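Please arrange chain W on chain Y, whose structure you already have, making use of the hints.
Taken in sequence, the protein lines are chains Y and W.
With positions in the first sequence counted from 1, the corresponding number in the working numbering is that position plus 128.
With positions in the second sequence counted from 1, the corresponding number in the working numbering is that position plus 128.
Check each hint, because a few of them may be wrong.
Said to hold, decoys possible - Okay, the calculated beta carbon distance ranges per label pair: (1) W:ASN678 to Y:GLU422: 41 to 51 Å; (2) Y:GLY469 to W:THR427: 35 to 45 Å; (3) W:ARG597 to Y:GLY507: 19 to 29 Å; (4) W:ARG597 to Y:GLU347: 52 to 62 Å; (5) Y:GLY469 to W:GLY209: 36 to 46 Å; (6) W:THR558 to Y:GLN220: 32 to 42 Å; (7) W:ARG597 to Y:GLU422: 30 to 40 Å; (8) Y:GLN243 to W:GLU710: 48 to 58 Å; (9) Y:ALA533 to W:ASP483: 55 to 65 Å; (10) W:ASN678 to Y:GLN197: 24 to 34 Å; (11) Y:ASN489 to W:SER458: 49 to 59 Å; (12) Y:THR558 to W:GLN220: 27 to 37 Å; (13) W:PRO423 to Y:GLY536: 37 to 47 Å; (14) Y:SER458 to W:GLY386: 56 to 66 Å.
To be verified - Looking from chain W toward chain Y, a few residues come up when the C-beta cut is under 8 Å (computed): (15) PRO271; (16) TYR275; (17) ARG582.
Unchecked claim - Covered stretches of chain W (chain Y as the covering partner; in silico rule of three or more C-beta atoms under 8 Å from a C-beta of chain Y): (18) 376-389; (19) 505-511; (20) 550-564.
Hint data in this document are derived by calculation from the structure and do not stem from the laboratory.
Here the structure is a predicted model, which means the values were calculated and not measured.
A virtual CB, placed ideally from N, CA and C, is assigned to each residue, including glycine.
Protein chains: 2
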Amino acid sequence: MLFKRLFFIFSGLCMLQSAAAQEHNALQVEMNKVRLSFYLDGDGRPVYALAYNGRLVIADSRQGFVLEQDSLFYKGFAITGTEKSSVNETWQPVWGEVSSIRDHYEQLTVHLKQQQAPGYLLDLVFRVFEDGMGFRYEFPQQPGLKYFIVKDELTEFNLTSDPLTFWIPGDYDSNEYAYTTSKLSQVNNTQQVQSATDIAVRTVPDPYAVQTPLMMKTEDNLYINIHEAALVNYPAMQLHVNGAVHQLTSSLVPDAVGNKAYLHAPCKTPWRTIIVSDKAADVLASKLILNLNEPPAATDLSWIRPMKFVGVWWEMQTGKSTWNYADAASERGKDDLVPNGRHGANTANVKKYIDFAAANNIKGVLVEGWNTGWEDWFGNWKENVFDFVTPYPDFNVKEIEDYAAAKGVQMIMHNETSGSATNYERQLDTAFRFMQAYGYPAVKTGYVGKIIPRGEHHDGQWMVNHYERVAQKGMQYHIMIDAHEPPRPTGLQRTYPNWLACEAGRGNEYNAFSNGNAPEHETILPFTRLMGGPMDYTPGIFKLKGYAPNMPDRQVHTTLAKQLALYVTIYSPVQMVADLPENYAAHADAFNFIKEVPVDWNDTRIIAAEPGDYITIARKEKGKSNWYVGAITDENSRKAAIPLQFLDKGKKYRATVYADAPDADWKKNPEAYQIKTSVVDANTVLTIQLAAGGGAAIAIQPM
Amino acid sequence: MLFKRLFFIFSGLCMLQSAAAQEHNALQVEMNKVRLSFYLDGDGRPVYALAYNGRLVIADSRQGFVLEQDSLFYKGFAITGTEKSSVNETWQPVWGEVSSIRDHYEQLTVHLKQQQAPGYLLDLVFRVFEDGMGFRYEFPQQPGLKYFIVKDELTEFNLTSDPLTFWIPGDYDSNEYAYTTSKLSQVNNTQQVQSATDIAVRTVPDPYAVQTPLMMKTEDNLYINIHEAALVNYPAMQLHVNGAVHQLTSSLVPDAVGNKAYLHAPCKTPWRTIIVSDKAADVLASKLILNLNEPPAATDLSWIRPMKFVGVWWEMQTGKSTWNYADAASERGKDDLVPNGRHGANTANVKKYIDFAAANNIKGVLVEGWNTGWEDWFGNWKENVFDFVTPYPDFNVKEIEDYAAAKGVQMIMHNETSGSATNYERQLDTAFRFMQAYGYPAVKTGYVGKIIPRGEHHDGQWMVNHYERVAQKGMQYHIMIDAHEPPRPTGLQRTYPNWLACEAGRGNEYNAFSNGNAPEHETILPFTRLMGGPMDYTPGIFKLKGYAPNMPDRQVHTTLAKQLALYVTIYSPVQMVADLPENYAAHADAFNFIKEVPVDWNDTRIIAAEPGDYITIARKEKGKSNWYVGAITDENSRKAAIPLQFLDKGKKYRATVYADAPDADWKKNPEAYQIKTSVVDANTVLTIQLAAGGGAAIAIQPM
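Isolated chain Y (complex conformation) (with noise of 0.2 Å):
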């Protein structure tokens, strides 16, 4: 009874603020349906609100900081001014989702000074686009404020209803929870954080912090996602949940003092940002954190190329190889172990892969546990664990380059830092040479394990320094990175484009070491991990049951079907083949589809999607005329129909549907598919039963 009554209360409260804002004259920028406003309080406290198409989404909401200088950083202040301006353009990114994109909003500046001595500047920038807005906190050069420390940043987003919302615990260090889907005001990631024993890493700071992307759906149908966009030197923004109000409350991960962000003015904060629109399809395909972000720097970004791969790696994942290369370390270093014989990356089985990858158009070859230091790597926050240029003696770097080169395949280096980024950082530019010494365009980073920094954080603003870094050294030397365990991402991909993916999320990994991922799960990352950037999910497991010798009941929560159709409704320009040479020739036919499939597109058409329901997406491949669709669905079984309509008026293509067969279903009967190809135009509308857990893959060419 209590809880109605405040709800109550502060429902009121809100309208009042809403009326209160109409009243102050609040200054208003508008794009079609999209309306911002911003006032100042009677406290000289900033207050902005998001409405959509006539309806309220984000209420009142304060903006302001606590800064170790000046702990009322939000409020006394006056506006000495205010600029509008409009933009737009378009621009070409290096690989995405298409190939040109429109930036197109209305901005408004607003300068505040603080009233009180010494006088503190503040801008607030707010740009607001067809589907949704940024806004970003700048510090303007001033004499008064120049290295300052944010003790707290106390943006607010009130939503104005109780949404249906798709979260994970906001967690200093790990994003690879299962979502959970709940009403906002009945979050709670008590039990979520307690039962994810297979996160290696879990701090979390209270049992109403989520993370962001942060995906919701009001009961009248709005699609609402709160996320930021070019998180740089500053602390990933999760967000705190007060239920009983719908409030929402900016939440930055603490530094080992905890302290949030040491700034040197001039300097901006990232963009939050809120895209709202009443069909779900319009988040998926929105632009706006991309256009929030810088564009390079670099201009010669021809070495930047997409692509899928394939890996000794799931072989040691499911436990029939091993990262390590003896069973025990040895005190006296790597010329005395002694070998288990089950060690993954040795010459012969890694020329076994670049052979697969060679006769099958995959590009790249990864190769896990190359290097000494797996026997004692994991666990004990160790600073000095891996050299990164150390390899095992079963494995021949130089034999592998001229092997991998004869063959036309590039590969892909690993550097796992289990954390101790002090330590990459120290070996950055020995570990980056000897990467193009020996031919290796890429690299997948990790960091599994508590950071180094000790009482750092993976989502901290030093650990987004380090990130950033990696990135900046991989431009330098040309070097594409791929980042585990980073904080999820926020559009810095345009900015740094050899940035090609990360993990930051809960990968098809989690089928092979845990209880897994629920069929639904791939039906919620695009609306919520996927916002800001790409993800290396590593999909393309055929064997999906039996896999893991040592857990024979484990399996991977989709069907075959699934599977193929992930490499569409996941965008990313680099794209695992995870699964091994064996299990794709037990498939030969369905596999045709990975080997075809591109991580390039000139277009992306958002079908049908539902967060936590389906998902349908069709893509066009870069620079040709195939058009790829993928269709999933979560743990109901469900019908797809797909209007070809994004296909040239009268032209003729052949279709080829990788479907799940009539009996399949993720848990009893997942390897079922069946393989049909039809001819189609853009009048066809394709209609396809998914299984349970199940989707669709369709390559459709011009005849």
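Chain W alone, transformed into the frame defined by chain Y:
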């Protein structure tokens, strides 16, 4: 009254405990007057005691740890074995106060096992010397304890009376306090810490924390010095004083999250050292700490050369010129700086110092403020400050290199990190390669500021490892190190002979920018800070008043003759000739001593010494027959009687005595000196009047 009662009761306890030690059939090790006892008490707790000439110096004192894995790692032990061994050998340091060092000790190793499961193992190793003892903890390789975290070390040093104590506050970030002399029971650092506003970063855990080396003198004239040796991969040990019971307990400097050390068995702690004698001179002559360090791993050490150096430095310390090139930083970088016209490190000025060094038998020239960043380097906990390779526009690296080479002078690099060790580590190879490329055989490093990684301290394990990494990098690049603001040394100069000196104490520079060092300061330093290793004290100031344009009352708290004496009484293989060339020109006769005095020695004799009062030391030049004597006094004038019995019998020498003039006085008449020569031999006793705050320097050459 309460105090006296407490003291009485505890004295009684001490005696009882000591009696208990004998009842327990304590293990004993003796060498000459020094006797160690060790036993396990009734709770299985390790207990040691130390006696000198039958007098108990350290009463029964506990040993042990609190580990994260075992909070009771200090009791429940049983002895599973013991070993004894003896060593009596000599070794030759690369450089030092003597050319040959005797290492003579009796060793006792006690193997302990906790009786509770899992039965952790701990070894205690004691080395008993003629002048004291060292002990360390060793964690053997064992099944249950591989990686572990030290939460606390519980080592006690229970004194048997209330000695006079020469102490500075135990500060995690600074050793640069002025010394206080008080009874141990009167130790309280509150006032010292509050008033030390000239120290950039102060982090003192409590009012009863003191730094080692801690020098004490009992009422019955025993001199006791407590410190540590071989501080490697462990935090510095400070001491917590329980004055009421005359107890010292180890207080390790914590890391960012409050842990003390991250260890990996098998491993060893540093040695805890207790030097004891009834003669103060024996403390200064002790080689116990050096002996407890490891010999160098490298064999080619011929590139390591002690040297004197001048520097573009005192002129900045005194405010005549600036480190910074401009008065304000520019957001647009160095090319936009507006020169302030007072930048010290300009090519023409540097050449003046090179000329001066070349003309006066001085090998090195240090230049501070040569690289960009000094406009905005201090006090902001800023991570990216200096790049260590970019000179200011008026500092021509190549021209200076060529000029110095032509004059036979070596340039000394300066790398100020402002405490941002992460930034320095990222660029360490680049910085050292730059030194190699431009002919710099040595670097002075600096860490003025709060440490980054944030939350770490100068004296914590992470930074201890950082300084060692820099020393190792120096070994790799053949660069000698003079580290400012590191932990106070612990004899590691034996292991890293390229690590010539540290500051890690209150240097002469405090006379330039603060109220200075008391006249007794240099009579305490050798008993405290210098026990662990050489200090870059920067002696040799000739203009003792009126050197600071903006602070006309400021003066150095010694006479000129005492500045000369410091080149002998403060041992270091790298000694600055700190004053300006023009100030030496004004006293060319006195400057002759500095020109001649060497920095490497065959032999050293402590002729007279009393901490806080006076020190007289004679040293024989390495490879020559010349002797040099330094005698200094505190604020009291006194007569120094110097028997020259160290000279070769029957041989005649010419002695040049640089003494205070009869009317000299550090405060009123500091620059008054007289120079006399006489013929001396081994039977001569020179009697020299030292002024208040004065001293004398003597050069003795065979005729």
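Status of each hint after checking the structure:
ASN678 of chain W and GLU422 of chain Y have their C-beta atoms about 46 Å apart, which keeps the hinted 41 to 51 Å range intact. With their beta carbons about 40 Å apart, GLY469 of chain Y and THR427 of chain W fall inside the hinted range of 35 to 45 Å. ARG597 of chain W and GLY507 of chain Y have their C-beta atoms about 24 Å apart, which keeps the hinted 19 to 29 Å range intact. For ARG597 of chain W paired with GLU347 of chain Y, a C-beta distance near 59 Å keeps the hint of 52 to 62 Å intact.
Take GLY469 of chain Y and GLY209 of chain W: their Cβ atoms lie about 38 Å apart, and the range 36 to 46 Å holds. Range check, THR558 of chain W to GLN220 of chain Y: about 36 Å between beta-carbon atoms, so the 32 to 42 Å window is met. Distance hint for ARG597 of chain W and GLU422 of chain Y: a CB-CB separation of about 35 Å, consistent with the stated range 30 to 40 Å. Between GLN243 of chain Y and GLU710 of chain W the beta carbons are some 55 Å apart, a value that agrees with the proposed interval 48 to 58 Å.
Checked against the given bound of 55 to 65 Å, the beta carbons of ALA533 of chain Y and ASP483 of chain W, roughly 58 Å apart, stay inside it. Checked against the hint of 24 to 34 Å, the pair ASN678 of chain W and GLN197 of chain Y passes, with Cβ atoms roughly 29 Å apart. With their beta carbons about 53 Å apart, ASN489 of chain Y and SER458 of chain W fall inside the hinted range of 49 to 59 Å. A beta carbon spacing of about 36 Å between THR558 of chain Y and GLN220 of chain W agrees with the range 27 to 37 Å that was offered as a hint.
Taking 37 to 47 Å as the suggested C-beta distance range, the pair PRO423 of chain W and GLY536 of chain Y does not conform, at roughly 54 Å. A C-beta distance of roughly 33 Å is found between SER458 of chain Y and GLY386 of chain W, which places it outside the suggested range of 56 to 66 Å. Here the hint on PRO271 of chain W is broken, as its CB sits about 12 Å from the closest CB of chain Y, past 8 Å. Interface restraint check: TYR275 of chain W against chain Y, minimum CB-CB distance 4 Å, threshold 8 Å, status holds.
Given hint, ARG582 of chain W at the interface with chain Y, holds; its Cβ is 5 Å from that chain's nearest Cβ, closer than 8 Å. Here the segment 376-389 of chain W counts 4 residues with a CB under 8 Å from a CB of chain Y, which clears the bar of 3, and the coverage holds. Coverage of the segment 505-511 of chain W by chain Y holds in this model, with 4 residues showing a Cβ closer than 8 Å to a Cβ of that chain against a need of three. Counting residues of the segment 550-564 of chain W whose beta carbon lies closer than 8 Å to any beta carbon of chain Y gives 5, which meets the minimum of three for the stated coverage.
Of the numbered hints given earlier, the model fails hints 13, 14, 15; all others are met.
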